[in-house]
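Chains as they are written, first to last, in this note's numbering: chain B, 1 to 328; chain E, 1001 to 1304; chain A, 2001 to 2411.
Among the hints, a few may not be true.
What the hints assert, rightly or not - If you want the footprint, here are the derived chain E segments under chain B, 3+ residues with CB under 8 Å:
id	stretch
1	1122–1135
2	1156–1168
3	1282–1290
Claimed, not checked - Just some of the chain A residues that point at chain E, by a computed CB distance under 7 Å:
id	residue
4	2051
5	2211
6	2216
7	2218
8	2222
9	2250
10	2273
11	2292
12	2295
13	2343
Keep in mind the hints are simulated off the structure, nothing from the lab.
Just so you know, these numbers come straight off a predicted model, no measurement behind them.
Backbone N, C-alpha and C define an ideal beta-carbon position, used for all residues, glycine too.
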Amino acid sequence: MTYTVEKAAMTRLPKDGLMDMAYRHRVLLSAVFLLVFPLLVPFKALAVNILIYGLYALGFNLLFGYLGLLSFGHSALFGAGSYACGILLVHYGMPWWAGLLLGTVAGGAMAGIIGMFAIRTSGIYFAMVTLALSQCVYYIFYQATGLTGGENGLRGVNVSDISIFGLHLYFVDPVTRYYVVAACVILALFFLSRILASPFGAVIEATRENEARARASGYDVRRVRLVTFILSGGFCGLAGALQAIHLSIVPIETMHYETSGLVVMMALLGGMGTFFGPFIGAAVFLLLENVVSLWTVHWQLFVGAVFVLCVLFFPRGIWGSVLHWVKK
Amino acid sequence: MWRAPLQGNSMAGLSLELIGLQLFAGLALGSVYVLLAIGLSLIFGMLTVVNFAHGAFFMLGAYVGLWLLSIGVNFWICLVAVPLIVGGFGLAVERVLIRPLYGRGIDYPLLLTFGLSYIIIELVRIVFGKSGYPVDTPALLQGAVDIGVGYFPLYRLFVMAVTGVILIGLWLFLERTSYGLIIRAGARDPQIVRVLGVNIARVWLMVFGLGCGIAGLGGLLAAPLQGVIPEMGGPILAEAFVVTVVGGMGSLLGAVLAGLLVGVVVSITSLFAPEMAKVAIFALMAVVLLIRPQGFFGRAGLMS
Amino acid sequence: MTDRMTISRRRLLGTAGVAVAMSPFSINIARAQEAKIKIGFPVPLTGPYGTEAEDQVRAAQVAIAEFNEAGGLNGRLAELLVRDDKLNPGEAATRAIELIENDKINFMVGSLSAAVQLAVNNVTKQRKVIFNSISQSDTINEVADFSPYTFHEALNPHMTAGAVGRYAFSKFGKKVVFLTADYAYGTEMVTGFREAGKAFNIEVLGDIRHPIGATDFSTLLPRIQAMKPDILCISNFGRDQQIALKQATDFGMKKQMKIIAPILLYTGRLAAGEAAFEGVIGGTSYYWGIENKIASAKAFNDRFRKMFGGKVPSDYGSLAYGGVKTLLMGAKNAGSVDPEKVIPAVEALKYDYYKGPQFYRKCDHQSVQSVFIIESKAAPKDNPADVFNIIATDEPAEANLRSCEALGHKA
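Full structure from sequences and hints, please.
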């Protein structure tokens, strides 16, 4: 299926040394690309949003694309990171890097809690359990107005002056903000790349391809699922934390199920189970929405049409289709 | 905000009549959920399509009704015309957009119908405008009647009755006609049905149209209760999904019982902690799924 | 039609010259255009409040046109940069950042939700850009969210609910039930009603919260009927309000109690029809019908009618007019767009632009203004816009606001 196309396209053509090299240095290549990326996007705040949603989609893809579990509750993981970072900065005066770190941890922890219940199910029921639990989480955060600001959202996640190893930066500056976020994203890409290349990465894919066989080979399938879910939560939590310091607010909409739906769409649009697909999906979605919504208030018509056309004619997603084409 | 004493105060007004009326209101509310959920469940059970555009069909039904009423068509004729028109549109959608996706897994129809709902909603905005419209309750059905425990709006009783008629009709159709037999067999094993020489594609087409038509009827019936607006399908779709999942995806009986149960859960929550009415149904879904992952009457292992 | 031009210019940028426009060279282009005073204007063009948002854009354009016709700021004209915030605080914050960083706007005006205005406010105050909010919130007045760059042209729930409460509690009875949307707007309204009710010794029989975005109230209404109040106070907004009023009417509740609401929306009344709103009493910041008594309202309405084919401005639309106009007049009086000079100039304004006398209170920049008490009615055949009767006016008074100390400001 489409899932392994990328690796196949890259690795099964050893004679094509260029492709092979590109595959091995994909993190480095993406770093170079992200360096020039803001020049291709209408405005920096949008470029930062694309990075954040790309990372969010990447975390989601680890679970859906690589492990094959469809979650409709990822907004709870994204939101947990966002709120953890925001609450720690606003109410406890923590530095920004602690917010990012603990936001990542919070995303993972939330995934652990939801995962404990949800991994007992699979298929469409897994999707529904995660949806239901994330709605309960949404409600808890909605009601905890003292900490979260409730429907008004959490304001005042203001990060202005930051210093990294003695280097003083003004975070409100758009260029600085972009590159700080980009650095975090590249770090996350590097981690993901290592996870996928590790033996555990192979176990994840083996579990997806044939659960029974993985179990017969001595792997604890439930544990593989839970650990993958937690890792996925960590990436989404980091994305959420980055959003909190980028926008300087945490809206309650971050936790809403539409935020879960959005990431499914982005990942599918870009190409499930491919390394870069989720990022490309996020970029195309947000760019399209931005450009078309400046042009007409009926932008949702175009967004809808793109999905329908994509499903009908490019079912592998954008990046998946590109890889498929390269392979041919 | 501390408001416990007030609630304690208001609890004093709780009487058996009120609880009875409340239960009844829950059943009436549940009957609207049922109309959406049986279509969703039918389509999922037969086609394994998770129809994210179901809310849009619901909304479309309300707007088609609005349009027919505005050109002078009688409400009673609308009750027949709207499901036919919306169902016809559903047929076209299945034939053109969904049929090419069979056999490609559950993600693709889901994504396609999600995109389709955006398109339908936006087209309605373009044609009818962004603001909503009021829809008057039909003259014959205005007012409230005494149901023993108190007065209840006549129109809501009518909605319950229509739901009952649809359910009985559907049950007779599925259980007593040869076509229904094919549908039930097709839900269990499409392969065998095909081998037996039945044109299963045609059955799927009809089922999709039927589900959408019932959703359209639901929209028409909801219009006098809440008016019409392009976004009206969103919240009810979420509720209908909960009902479908709690009842067990693909089970009609499950959809009916779960729909009524969800209605009652909402109404009883409304009595004691009204602000939790919305989350209560998701909490219910979480609890049911954790105890019985396939819902009340669902088949285990679907799509796993 | 300034915003149309802006949009088409952006469209050109978007299609033809993305690379050029977005490269570092575009800074020079931006500088060349700096002659214009740019006002960023995020409103929810898509979604359920799209009609209201379009009216906000129209009213803002009236203010821009008047300013430009009067010669601008020493010949420097103003333009409106409209953005769709999609009623989503995250999107609104992104758009606000874009407007400030990319379009280098001078002022921000807009929003149609409490959460969105607080999000935009957080972005603008961090970047020291003046923001005039044109939707209701009590929170934005409070010291934690307020900044010297924050202005609030809209009413706030305390003023609105207070005015309606003072009117209703003196006329319709003391036994009150609240039916309230469970979020800040609803809670703030109820607090306002309760504060106003103290003077009338009201008895609160019930305080029922419903989830925001509710489409069915049938499970709440029987209980309210059983409480037998004199007044049912429905504090929710937009579609929630329309459905609640419609279903309360269906349950026959209007015969048993008086229904009041803090705000009756003009566009909401048109969308929900006369039956649902019939006889309901509420407040508003503006209704076009005040033009018989207030000259500035007449002038504003006439200008609006002339520009937009005979339409009359809505309540929230008019706030956009006031919000844009005050900042532009402040800039004109200051002779500059420098925020540090414009802020004292706006603070010094004693203005009557469209609804009678107004001024911004120094401590929280809340516009002190009148609240109109209106009652919904069936529109006469010859004028479908004639949907409310004005039954009272709550005159502007600082005493109707929460005190500066209560908001956390130093006196």
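A quick look at each hint next to the structure:
Coverage of the stretch 1122–1135 of chain E by chain B holds in this model, with 4 residues showing a Cβ closer than 8 Å to a Cβ of that chain against a need of three. Remark: the stretch 1156–1168 of chain E is not confirmed as covered by chain B, as 0 of its residues place a Cβ nearer than 8 Å to a Cβ of that chain, below the required three. Remark: the stretch 1282–1290 of chain E is confirmed as covered by chain B, as 6 of its residues place a Cβ nearer than 8 Å to a Cβ of that chain, reaching the required three. A hinted interface residue such as residue 2051 of chain A counts as satisfied when its beta carbon comes closer than 7 Å to some beta carbon of chain E; here the least separation is about 4 Å, so the hint holds.
The interface hint given for residue 2211 of chain A is met, as the beta carbon of that residue sits about 4 Å from the closest beta carbon of chain E, less than 7 Å. Hint on residue 2216 of chain A holds. Least Cβ distance to chain E is approximately 6 Å, under the 7 Å limit. Given the 7 Å rule on beta carbons, the hint for residue 2218 of chain A holds: about 5 Å separates it from the nearest Cβ of chain E. Because the smallest distance between the Cβ of residue 2222 of chain A and any Cβ of chain E comes to about 5 Å, under 7 Å, the interface hint for this residue holds.
Nearest Cβ of chain E to the Cβ of residue 2250 of chain A: about 5 Å, under the 7 Å cut. The hint holds. Proximity of residue 2273 of chain A to chain E holds as hinted, the smallest CB-CB distance being about 3 Å (cut-off 7 Å). Of the supplied interface hints, the one on residue 2292 of chain A is violated, with its beta-carbon coming no nearer than about 27 Å to a beta-carbon of chain E, more than 7 Å. Checking residue 2295 of chain A against chain E: minimum C-beta separation of about 31 Å lies over 7 Å; hint violated.
At its closest, the beta carbon of residue 2343 of chain A sits 34 Å from a beta carbon of chain E; the interface hint therefore is violated under the 7 Å criterion.
Hint compliance for this structure: hints 2, 11, 12, 13 are broken, all remaining hints hold.
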